[in-house]
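Undergrad: Sequence order for the protein chains is A and B.
Each residue of the first sequence is one higher than the last, beginning at 1 in this note's numbering.
Each residue of the second sequence is one higher than the last, beginning at 1 in this note's numbering.
Derived from the structure by calculation, the hints contain no laboratory data.
Check each hint, because a few of them may be wrong.
Said to hold, decoys possible - Okay, derived cross-link-like pairs now, DSS-like style, lysine-lysine, Cα gap no bigger than 30 Å in a straight line:
no. : chain 1 : residue 1 : chain 2 : residue 2
1   : A       : Lys-105   : B       : Lys-373
2   : A       : Lys-94    : B       : Lys-244
3   : B       : Lys-209   : B       : Lys-68
4   : B       : Lys-373   : A       : Lys-244
5   : A       : Lys-105   : B       : Lys-178
6   : A       : Lys-94    : B       : Lys-38
Said to hold, decoys possible - Covered by chain B, per the in silico footprint, the following chain A stretches (three or more residues, Cβ under 8 Å):
no. : stretch
7   : 229-235
8   : 245-252
9   : 262-273
Every value quoted in this text rests on a predicted model; they were computed, and no experiment measured them.
Yeah, the Cβ is synthetic: ideal placement off N, Cα and C, and Gly gets one too.
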Amino acid sequence: MKIFINGQSAISPQETFTGNSLPDNPVNYSANGFIKCIEPSVREYIDPMTARRMSRIIRFGVCSAIQCLRNADAGNPGAIITGTGLGCLDDTEKFLRTMHNNEEKLLNPTPFIQSTHNTLSSAIAIIIGCNSYNSTYVHRGGSFENALTDAILLLRENSAENVLVGGVDELTDTSFNITSRLGFWKREPVESLRLLDYKGRGSLAGEGMTFFLLSNVKNERSFAVTEMPELFHKPADAAASEEKIRSFISRTCQEGSIDLVLMGLNGDISNDEIYHNLSGRLFSGIPRAYYKHLCGEYDTSSAFAMFIAAEIIRNQTVPRVMQLDGGPAGKIRNVLIYNHQRNNIHSLMLLSGC
Amino acid sequence: MAVRVFVTGIGIISSIGFNCEETEDSLKSGKTGIGTMKNLVSVHSGEIPVAEVPASNEELEDLARIRKTGYSSRTTLLGIIAAGEALRCSGLDEDIGSFRTGLISATTVGGMDRSEKFFKSYIQHKSGGRLRYIVTHDCGDSTAAIADTFGIRDHVSTISTACSSSANAILTGARLIKGGLLDRVIAGGTDALSLFTLNGFNSLMILDKKGCRPFDEDRNGLTLGEGSAFIVMESETVTARIGKKLLCEVSGYGNACDAYHQTASSPEGGGAYLSMKQALHCSGLTPDMIDYINAHGTGTKNNDLSEGRAIERLFGYLPVKFSSTKAFTGHTLGAAGAVEAVLGIMAIRNGWIYPNPGFARQMSELRITPEKKLIRNTRIRNLMSNSFGFGGNNTSLIFSEC
């Protein structure tokens, strides 16, 4: 069964939400370790009273989800599934802070209510009035792929005809400060678009709220096809990764038919070495591209990668700023997305034209 | 998709027992796990009862049979203990084998018990707090630790849908097997008590100071518990090939969203009705074939009314037998769906229907009444287990004898 992408939407540090979905001329940030999303016009999606009570991740997440449904011209979906590595951080921090400061007395329950990881999936359901299947996956760098797997499974089961699936994560001052202490990010200021030029440790922190409307029925809005993604965990060595990637490719497409590999290079040399090493073994002669200089590094950045890959297929072009070694010469039919998180969780997705 | 999914192993740790055997003993003797806080240190310790696992983290490290580091979150330790028992029960502790095996765990707060320690120092100063206390914060941490302990690598994921989290882990596991993506799934959940959840539910004013009284007219809230439970599910192809002992079949499941309010369920229990109805439809059973419903039954005014009404709407014309076991184990949040699945499987195996401790007075809005005493030597062909969460994330599971 083919799974079609009938609509998509991304709130990101780029202008992906305001019409410039494949950034040819992207925003170049002078970044001190992080980049953040460009704010959407919330009032076009949520009434101000409701929006005021929501934290940023919920507000942006709902906007992105609703825009995705509009783009797909779909009614209420047969399921709502999100993936988020860290969930509603801002509300979690808020509640923890007041809990300690007030010595567990007189606490406002709102941040607690909105701190649970499933807040966004259910907020979308409440706002659009959708009683269908609803779930939330929260497994680090595999959160979005887990959600996507569930979505495709539902469509294959014929349990739903349309599924809204997304990947969302927010960056807060606190989470940035703590992960900086853990050494995740570059300490010197960087120009975001030149992320790969700064050899050394650390990446650039980012965030995003990306949604897709997937369907097992092709319609006039369908523009790409997605295969069942695959994750593998803690490979013993590069050869083990190579074998996993080879078997994924042979399961999902014909040999030699990959036109572009979109990789999760993030500017951290130890992280990027894995991609370069495997590229030689697996992708020689195939054009490669990268995306994290546009959205930053975060648990569900692969959702943004899927968004970009689908736009590349729709527009049949790879923006120069994303190319690693020149763009594809001919038609772009199959795009392989390969991402990994600290060599612990490796993710493979394959998108094709339809 | 006619692939059948069987349960071949169970494991549990909660306030009423460190393993399956102790848990069954407590259920038989009617011993509840609700009492005064001992491990958790809170200003509310005298006034709010909880259902704690009676062991320190150090003692849990022993039970988990892992190297003592002091660095694991309590959620992780509980999870390793229960998953380990489930694997031993299924004969998989020596060798996870060559079948495609996945782990799906569920949690609501992950390593929050340690994050809140970190935060106490962090809010004093941005460079404060030991980083070892914060790296276990995310929900995936406990799952990754369980997967590493038992060498599970084919599929590892974590679900968080509030109080229905681990019911959804079981549902997803069964679907991954039926869909042909995996042969075997260890599914369940784990959640430790934390100040975060205690104060969260307290700020909502839904913690009963007398201990929870599900489905009682005078009920006044829930009682928080902690624990973990896992089940091993295998496809019939696997169980037939290696001739395994089958504990029961996962015969149905339903997931629906109430889509009413972030914390309150709709008064008529629309989402609850839908998830139960879908589970029945999925299993191909009719309501009269369900011999026992293990209700979500938290003891809050809101849940028990909407769940009760939904049960009446679907089963009301039958002499339906139901009860909530929350007054035994407390509400173990992310682990609750799996804890109750394991209790349900024990009920099927032993021919038991559990009483509903805390119940004294009939709810005025309902006609149905929960069981008051342990029923023994009864046959449970099919059992329904409900788990309903914040945000209206409702899931019902059906387990059948085999």
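Undergrad: Does each hint fit the structure? Answer for all of them.
TA: Quick rundown of the hints versus the structure:
Note on Lys-105/A and Lys-373/B: the hinted pairing is violated, with a Cα-Cα distance of about 39 Å set against a maximum of 30 Å. Of the supplied pair hints, the one linking Lys-94/A and Lys-244/B is violated, its CA atoms being roughly 50 Å apart against a limit of 30 Å. Restraint check: the Cα-Cα separation between Lys-209/B and Lys-68/B comes to about 36 Å, which exceeds 30 Å; the hinted pair is violated. For the proposed pair Lys-373/B and Lys-244/A, the alpha carbon gap of about 54 Å is over 30 Å, so the pair is violated.
Taking the CA atoms of Lys-105/A and Lys-178/B, the gap is near 48 Å; set against the 30 Å cutoff, the hint is violated. At roughly 27 Å between alpha-carbon atoms, Lys-94/A and Lys-38/B fall within 30 Å of each other, so this suggested pair holds. Only when three residues or more bring their CB closer than 8 Å to a CB of chain B does the claim for the stretch 229-235 of chain A stand; here the count is 4, and the claim holds. Requiring three or more residues with a Cβ within less than 8 Å of a Cβ of chain B, the coverage given for the stretch 245-252 of chain A is violated, as only 0 such residues are present.
Under the rule that three or more residues need a Cβ within less than 8 Å of chain B, the assignment of the stretch 262-273 of chain A is violated, with 0 such residues.
The structure shown violates the earlier hints numbered 1, 2, 3, 4, 5, 8, 9.
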